[in-house]
Amino acid sequence: MTASIFDLAYEVPIIKPKVYAGSYTRIPFDSTDPRRNEPLVRLETVGVAYEAHHARTDGGNWPYFGAVPGARKDVWLRKTVAGMLADVNDLLRPYRVELIVWDGYRTLACQQGMWDFFYREAARALPDGTPATWRAQALKHAVDPSDFREDDPETWPTHATGAAVDLALRDLQSGDYCELGGRFEDINDVAATDYFERKLARGEIADDDPRLRYRRLLHWAMLSAGFENDPFTFWHYDWGSQLYVKMTHALRADPVKAAWYGYIAPP
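Each residue of the sequence shown is one higher than the one before, counting from 52 in our numbering.
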């Protein structure tokens with residue numbers, strides 16, 4: 052049985068940014084939860100497609116246009132999280148699309164490489180700025196891992212937990228990316244998950260705009276499987292991490308108390 056994206060009776064909720072603003076690193080982490088020790092698995096073991104964005108060497112990975120130091124060509128996630136993505140694909144199959152993952156578990160070396168890139172870009176764009184100015188600009192795009200400590204949850208980048216994933220949709224037959232509007236890692240107004248819902252509410256787009264409909268489909272499928280979205284970016288979802296818990300506090304009547312996935316060493 053097949054379905055159309057226009058058959059889905061679902062809307063991405065419009066959320067005021069102040070509702071979910073602030074850092075996630077102060078969210079409690081439950082070190083006694085047995086799930087904290089769940090291993091990482093490669094995405095191909097659950098049949099989910101991926102493209103390791105930060106490891107590309109063909110110049111097609113904006114804004115780096117080359118491999119980020121420390122990036123891996125394989126993509127890993129916690130075992131349960133990877134299985135949940137397979138469940139998402141089951142939900143998407145009638146719509147003739149599937150997930151394409153851009154990033155999952157991220158090594159600290161890759162996080163450092165991303166930070167260094169955006170810090171250099173800030174210094175280049177603002178030659179009269181100060182280190183504080185450049186740092187503030189870089190923080191709009193990447194987490195600074197320089198204060199990382201393995202035993203301190205307040206220093207853990209969410210991708211270093213193996214419980215955060217960046218993804219989009221692609222056509223099952225052609226493999227072409229579906230048009231969700233915006234560009235991966237391009238942090239601006241268009242990146243906000245509810246961007247096209249807001250445009251629809253203002254009468255600036257029609258209800259059949261594919262960008263609106265594909266964002267709805269992705270959001271519906273991911274939340275149906277248990278994930279939470281970071282509303283700043285339509286491509287980012289978590290389950291079990293501090294960021295996941297933060298979003299449940301912002302958006303749910305029954306929030307989760309503490310994260311169970313913390314930092315995990317590279318496989």
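Incorrect hints may have been included.
[To be verified] Think about it this way: if two alpha-carbon atoms lie no more than 20 angstroms apart in a straight line, the pair counts; the simulated EDC-like pairs of lysine to aspartate or glutamate are:
1. Lys191 <-> Glu201
2. Lys130 <-> Glu95
3. Lys67 <-> Asp240
4. Lys191 <-> Asp222
5. Lys191 <-> Asp240
6. Lys308 <-> Glu230
7. Lys124 <-> Asp84
8. Lys250 <-> Asp227
9. Lys69 <-> Asp240
10. Lys191 <-> Asp167
11. Lys250 <-> Asp237
12. Lys308 <-> Asp179
13. Lys130 <-> Asp84
14. Lys124 <-> Asp138
15. Lys191 <-> Asp202
16. Lys250 <-> Glu62
17. Lys191 <-> Asp237
18. Lys130 <-> Asp203
19. Lys67 <-> Glu248
20. Lys308 <-> Glu172
Since the hints were derived computationally from the structure, they do not count as laboratory data. The structure presented is a predicted model; accordingly, all values stated were derived computationally and were not measured.
Going straight from one Cα to the other, do Lys67 and Glu248 come out at no more than 20 angstroms? 12 angstroms, holds
Has the given pair, Lys69 with Asp240, been kept, meaning a C-alpha gap of at most 20 angstroms? Distance of about 14 angstroms is within 20 angstroms: holds.
Against the 20 angstroms threshold, does the CA-CA distance of Lys124 and Asp138 hold or violate the hint?
Measuring from Cα to Cα gives roughly 24 angstroms; hence the hint is violated.
Check your understanding: Lys308 and Asp179: Cα distance at most 20 angstroms?
Key -> Roughly 44 angstroms separates the two Cα atoms, so the pair is violated.
Q. Taking only the CA atoms, is the gap from Lys191 to Asp240 under or equal to 20 angstroms?
A. 12 angstroms, holds
* Take the C-alpha atoms of Lys191 and Asp237, compute the straight-line distance between them, and say whether it is at most 20 angstroms. => 10 angstroms, holds
task: Please work out if Lys308 and Glu230 have their alpha carbons no farther apart than 20 angstroms.
output: Roughly 36 angstroms separates the two Cα atoms, so the pair is violated.
For this session: Starting from Lys250, check that the Cα of Asp237 is at most 20 angstroms away, please.
Result: 19 angstroms, holds
Pair hint outcome, Lys67 versus Asp240 [Cα-Cα no greater than 20 angstroms]: At roughly 13 angstroms apart (the allowed maximum being 20 angstroms), Asp240 and Lys67 satisfy the hint.
Under the criterion that the straight-line Cα-Cα distance not exceed 20 angstroms, is the pair Lys124, Asp84 satisfied? 31 angstroms, violated
Point to revise | Agreement of Lys130 and Glu95 with the hint, judged by alpha carbon distance not exceeding 20 angstroms | key: 12 angstroms, holds
Would the pair Lys250 and Asp227 pass a check requiring their Cα atoms to be no farther apart than 20 angstroms?
25 angstroms, violated
The earlier numbered hints that this structure contradicts are 1, 4, 6, 7, 8, 12, 14, 15, 18, 20.
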